[in-house]
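Throw the hints in and build the complete structure from the sequences for me.
Take a look at the letters that make up each chain.
There are 2 protein chains.
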Amino acid sequence: MAAVRHRRGDVVAKAVEVLDTYGLADLTMRRLASELDVRPSALYHHFTNKQYLLAAVADELLERSLKPVEDGPWDARLTAAATGLRESLLAWRDGAELVATVHAFGLGAEKVDDHVAVTLEDSGLNEALRRVVTRTVLHYVFGHATAEQTHLQAASAGALESGDDMSWGAGQEFTAGLALVVDGVRARVSTLA
Amino acid sequence: MAAVRHRRGDVVAKAVEVLDTYGLADLTMRRLASELDVRPSALYHHFTNKQYLLAAVADELLERSLKPVEDGPWDARLTAAATGLRESLLAWRDGAELVATVHAFGLGAEKVDDHVAVTLEDSGLNEALRRVVTRTVLHYVFGHATAEQTHLQAASAGALESGDDMSWGAGQEFTAGLALVVDGVRARVSTLA
DNA sequence: ACCTGAACACCGTTCAAGT
DNA sequence: ACCTGAACACCGTTCAAGT
Numbered sequence: 001m002a003a004v005r006h007r008r009g010d011v012v013a014k015a016v017e018v019l020d021t022y023g024l025a026d027l028t029m030r031r032l033a034s035e036l037d038v039r040p041s042a043l044y045h046h047f048t049n050k051q052y053l054l055a056a057v058a059d060e061l062l063e064r065s066l067k068p069v070e071d072g073p074w075d076a077r078l079t080a081a082a083t084g085l086r087e088s089l090l091a092w093r094d095g096a097e098l099v100a101t102v103h104a105f106g107l108g109a110e111k112v113d114d115h116v117a118v119t120l121e122d123s124g125l126n127e128a129l130r131r132v133v134t135r136t137v138l139h140y141v142f143g144h145a146t147a148e149q150t151h152l153q154a155a156s157a158g159a160l161e162s163g164d165d166m167s168w169g170a171g172q173e174f175t176a177g178l179a180l181v182v183d184g185v186r187a188r189v190s191t192l193a
Numbered sequence: 001m002a003a004v005r006h007r008r009g010d011v012v013a014k015a016v017e018v019l020d021t022y023g024l025a026d027l028t029m030r031r032l033a034s035e036l037d038v039r040p041s042a043l044y045h046h047f048t049n050k051q052y053l054l055a056a057v058a059d060e061l062l063e064r065s066l067k068p069v070e071d072g073p074w075d076a077r078l079t080a081a082a083t084g085l086r087e088s089l090l091a092w093r094d095g096a097e098l099v100a101t102v103h104a105f106g107l108g109a110e111k112v113d114d115h116v117a118v119t120l121e122d123s124g125l126n127e128a129l130r131r132v133v134t135r136t137v138l139h140y141v142f143g144h145a146t147a148e149q150t151h152l153q154a155a156s157a158g159a160l161e162s163g164d165d166m167s168w169g170a171g172q173e174f175t176a177g178l179a180l181v182v183d184g185v186r187a188r189v190s191t192l193a
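Those protein sequence lines, which keep their order, are chains A and B.
For what it's worth, full-length UniProt numbering labels the leading residue of the first sequence as 1, then goes sequentially.
For what it's worth, full-length UniProt numbering labels the leading residue of the second sequence as 1, then goes sequentially.
Please note: incorrect hints may appear among the correct ones.
[What the hints assert, rightly or not] Calculated cross-link-like contacts (lysine to aspartate or glutamate; reagent style DMTMM-like; alpha-carbon spacing at most 25 Å):
1) B:14 / B:59
2) B:111 / B:37
3) B:14 / B:110
4) A:111 / A:122
5) A:67 / A:114
6) B:50 / A:26
7) A:111 / A:148
8) B:50 / B:70
9) B:50 / A:148
10) B:111 / A:148
11) B:50 / B:113
12) B:50 / B:127
13) A:111 / B:148
14) B:67 / B:173
15) A:67 / A:10
16) A:50 / B:148
17) B:111 / B:148
18) B:111 / B:20
19) A:111 / B:173
20) A:50 / B:26
21) A:50 / A:20
22) B:111 / A:173
23) B:67 / B:148
24) A:111 / A:37
Simulated from the structure, these hints should not be mistaken for lab results.
So, in structure tokens, the structure goes:
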């Protein structure tokens, strides 16, 4: 049969397409292979296993959608970093779950750490504290976005019980919780002044 | 063959055992069935699908390990609730991931909301804010515990690169990040006085 | 460098039928 | 009430071999 012949980048691009169209559960090696008109085993020429493929997909999503944070005071930048990351994750079907998993596994998505960490550079906090803040914010963003996206998909498929949707809207909920964390950071920064 | 005949509770108990011994990836319907000396299809008499089984397992874990928070000022209680939840999740193999997933899907683990929420009852915060705080703390605990547990299993299996382990220890990291959030809450409570 | 063919060892779920 | 038997439609991964 006509050997289609792809490069690693083609495979990642198609994987992003499959993810965004059909969801993470349908992003299987076999499904991806068939979309590329190739046998499943061919994928193992490009990636040692599925985890590495997913890591590459997560990195690609972030590369495409995560914008650098603009200048300003540290608290505005920290808030913008968290908000921008959330929007970036929500921009892709199952983006939050994918990036959070890859990040937790330590195979990719390392750029999100920097994305948040750089906003604290002129906060006056020491490095250990900056790391704690960075991780706390990341856990919050990942947790909130994953729950939001999971909840949405659970509602769209299957029984969508209204009344369970927060009267606020998830965006305002997110902002309010984030402000809580930023205030906690501010309490530490102000003791340095 | 000798029909073994189990009740729903037996199935859940065995599932907890399989989870804690072999991990979430090995908690399959087929594996569980074989441990119970039963055909896979028999499980569908007790649970409509795997999601519901997992929800029951998550509830069972929490039932067995999550202790109520002792009396005291609201901030000490909030801290204790979060710390107790973290310890409860870490007490079981893949406990954090399982409970977080079930919770996000809304099929179980609802008791964790109350576990945290009750500590805020005499904080003076209004209900909307108490909900924000509760969710923020839950996201933080789930995120931190899942990352910690995933990282541990990634390190135990496969390449364990040292130097990547935080110089603090995960417990102190957790405590420091939690204090951040609690300080953020305190900033709101103090404006009420 | 990239792919096929064929296999291995698995999954979740359904459903008619048995006791 | 609880289980079997048999099937359906899938998984990830390996590996020798082809071009």
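(message) For residue 67 of chain A and residue 114 of chain A, compute the direct alpha-carbon distance and say whether it is at most 25 Å.
(response) holds, 12 Å
(message) Check whether the Cα positions of residue 111 of chain B and residue 37 of chain B lie no farther apart than 25 Å.
(response) violated, 32 Å
(message) Need the status of pair residue 50 of chain A, residue 20 of chain A: alpha-carbon distance at most 25 Å?
(response) Given pair residue 50 of chain A, residue 20 of chain A holds - Cα atoms ~17 Å apart, limit 25 Å.
(message) Please verify whether residue 111 of chain B and residue 173 of chain A have alpha carbons no more than 25 Å apart.
(response) Holds, at roughly 21 Å.
(message) Next pair to validate is residue 67 of chain B with residue 148 of chain B; report whether the Cα-Cα distance is within 25 Å.
(response) Holds, at about 21 Å.
(message) Against the 25 Å threshold, does the CA-CA distance of residue 111 of chain B and residue 148 of chain A hold or violate the hint?
(response) With Cα atoms ~19 Å apart, residue 111 of chain B and residue 148 of chain A stay inside 25 Å; holds.
(message) For residue 67 of chain A and residue 10 of chain A, compute the direct alpha-carbon distance and say whether it is at most 25 Å.
(response) holds, 23 Å
(message) With the threshold set at 25 Å, check whether the alpha-carbon distance from residue 50 of chain A to residue 26 of chain B stays at or below it.
(response) holds, 17 Å
(message) For a C-alpha distance cap of 25 Å, please report whether residue 111 of chain A and residue 173 of chain B respect it.
(response) holds, 21 Å
(request) Sort out whether residue 110 of chain B lies within 25 Å of residue 14 of chain B, counting only the CA atoms. (result) Holds, at roughly 22 Å.
(message) For residue 111 of chain B and residue 20 of chain B, compute the direct alpha-carbon distance and say whether it is at most 25 Å.
(response) Holds, because 21 Å separates the two Cα atoms, which is no more than 25 Å.
(request) Quickly compare the C-alpha distance for residue 111 of chain B and residue 148 of chain B to 25 Å and report which way the hint goes. (result) holds, 22 Å
The structure fails to meet hints 2, 8, 12 and 24 from the earlier list, while all remaining hints are met.
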